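Participant: Take any residue in the sequence shown, count from 1 to its spot, add 82: that is its number in this note's numbering.
It should be emphasised that the hints constitute simulated quantities derived from the structure, not laboratory data.
A quick note: this is a predicted structure, and the numbers were derived from the prediction, not measured.
Virtual Cβ for every residue (Gly too), placed ideally from N, Cα, C.
Treat the hints with care, since some could be wrong.
Stated by the list, open to error - Label pairs and their calculated CB-CB ranges:
(1) Lys-401 x Thr-339: 37 to 47 Å
(2) Asn-343 x Phe-91: 17 to 27 Å
(3) Lys-401 x Thr-133: 31 to 41 Å
To be verified - The calculated lysine-lysine pairs, modelled on DSSO-like cross-linking and capped at a C-alpha distance of 27 Å, are:
(4) Lys-325 x Lys-359
(5) Lys-190 x Lys-223
(6) Lys-236 x Lys-325
(7) Lys-99 x Lys-208
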Amino acid sequence: MDYTVMYNFEKLYEAYKKCRRGKSRKTDVIQFELNASEELVKLQQELKEKTYHTGNYYKFTIYDPKEREIQALPFRDRIVQHNLCDNILAPLLERHLVYDNSACRKGKGTHFAMERLTIFLRDYYKKYGNKGYILKCDIHKYFDSIDHKVLKTKLMRLIKDRDIYSLLENIIDSYEKTPGKGLPMGNQTSQWFAIYYLDGLDRIVKEKFRMKYYTRYMDDCIILFQDKEYAKQCLSYMESYIKEDLLLEFNKKTQLTAMKNGMDYLGFRFYLTDTGKVVKRLRTSSKRRWKRKLKKLQRQYRDGEILLGDITCSIASYKGHLMHGHTYRLQKKVFHDFVLTKGNRNSNDTYME
Numbered sequence: 083m084d085y086t087v088m089y090n091f092e093k094l095y096e097a098y099k100k101c102r103r104g105k106s107r108k109t110d111v112i113q114f115e116l117n118a119s120e121e122l123v124k125l126q127q128e129l130k131e132k133t134y135h136t137g138n139y140y141k142f143t144i145y146d147p148k149e150r151e152i153q154a155l156p157f158r159d160r161i162v163q164h165n166l167c168d169n170i171l172a173p174l175l176e177r178h179l180v181y182d183n184s185a186c187r188k189g190k191g192t193h194f195a196m197e198r199l200t201i202f203l204r205d206y207y208k209k210y211g212n213k214g215y216i217l218k219c220d221i222h223k224y225f226d227s228i229d230h231k232v233l234k235t236k237l238m239r240l241i242k243d244r245d246i247y248s249l250l251e252n253i254i255d256s257y258e259k260t261p262g263k264g265l266p267m268g269n270q271t272s273q274w275f276a277i278y279y280l281d282g283l284d285r286i287v288k289e290k291f292r293m294k295y296y297t298r299y300m301d302d303c304i305i306l307f308q309d310k311e312y313a314k315q316c317l318s319y320m321e322s323y324i325k326e327d328l329l330l331e332f333n334k335k336t337q338l339t340a341m342k343n344g345m346d347y348l349g350f351r352f353y354l355t356d357t358g359k360v361v362k363r364l365r366t367s368s369k370r371r372w373k374r375k376l377k378k379l380q381r382q383y384r385d386g387e388i389l390l391g392d393i394t395c396s397i398a399s400y401k402g403h404l405m406h407g408h409t410y411r412l413q414k415k416v417f418h419d420f421v422l423t424k425g426n427r428n429s430n431d432t433y434m435e
């Protein structure tokens with residue numbers, strides 16, 4: 083794939099349609115759409131003539147699952163990023179990533195990673211029972227700590243088209259958390275950069291350590307070990323690699339624990355019982371977040387800020403996620419108590435079962 087893809091009008095138009103999906107009421111989207119054809123032609127010309135530069139970021143804060151500052155680009159820049167990711171980065175990086183690198187990839191995601199861990203635990207039990215150890219690794223402030231120079235060196239080994247590489251350099255250097263470090267949380271390219279940045283760690287685990295039971299979702303990874311001392315040796319090697327080669331470090335969530343104690347992964351706590359059953363309970367912190375979301379929906383509906391149809395979609399999404407764990411009793415209790423009231427008129431109460 084060469085740079086001409088970036089200024090192909092059909093590709094830009096497809097990227098534009100994807101970017102506006104679900105966001106047609108946003109102010110910047112509306113403004114762009116008033117002269118969409120002219121704006122796309124202008125963007126095409128900038129890319130073709132190589133005068134395009136990443137725009138200025140705007141910031142906002144989210145509080146789920148914890149407080150995070152998100153840095154986002156103007157709508158026109160998000161079109162460029164969609165085109166770049168869909169037609170260049172994704173096809174290129176997919177060929178180099180290990181199978182169990184689960185984040186942001188087509189056909190994968192949180193539920194894929196959870197299912198892989200479930201499969202690994204069942205298979206482990208058949209061979210070794212539930213006697214063993216779990217190594218859980220997590221990177222300290224991952225997105226903020228990614229080194230620009232290291233990332234660009236890694237990308238240079240893969241990308242032969244100089245114009246594509248220059249565009250990637252422009253995007254990487256458009257944001258810094260600290261000098262020479264950090265990726266903006268709101269960029270689509272940041273997701274791909276982040277899953278590729280730790281590819282060397284994946285290779286060490288899969289090819290050097292020959293570990294079958296390994297799954298990673300962004301910077302959160304799990305490895306199952308039979309031998310505790312070998313697990314410690316592997317962890318020591320991994321710590322040295324990410325510190326010396328990637329300029330990163332593991333955080334305090336990184337720990338080696340007995341398998342019988344269970345592990346936290348992607349909002350659930352996994353247990354392997356004495357009988358080989360894999361139990362997945364929603365973490366206490368996840369329960370609290372979920373209940374806060376439901377209370378927010380009740381308030382928004384009461385104040386007329388949200389429609390019943392929107393709430394129904396949100397509830398369906400929650401249920402779809404919860405069905406991947408053992409949450410039947412939790413759902414029954416919470417949804418039984420979930421009541422929607424329109425204003426102060428009790429006659430309009432709506433019950434969601």
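Participant: It remains to establish, for every hint, whether it holds in the given structure.
Facilitator: Comparing the hints with the structure gives:
no.: 1; hint: Lys-401 x Thr-339: 37 to 47 Å; in the structure: violated, 31 Å
no.: 2; hint: Asn-343 x Phe-91: 17 to 27 Å; in the structure: violated, 56 Å
no.: 3; hint: Lys-401 x Thr-133: 31 to 41 Å; in the structure: violated, 49 Å
no.: 4; hint: Lys-325 x Lys-359; in the structure: violated, 37 Å
no.: 5; hint: Lys-190 x Lys-223; in the structure: holds, 24 Å
no.: 6; hint: Lys-236 x Lys-325; in the structure: holds, 16 Å
no.: 7; hint: Lys-99 x Lys-208; in the structure: violated, 48 Å
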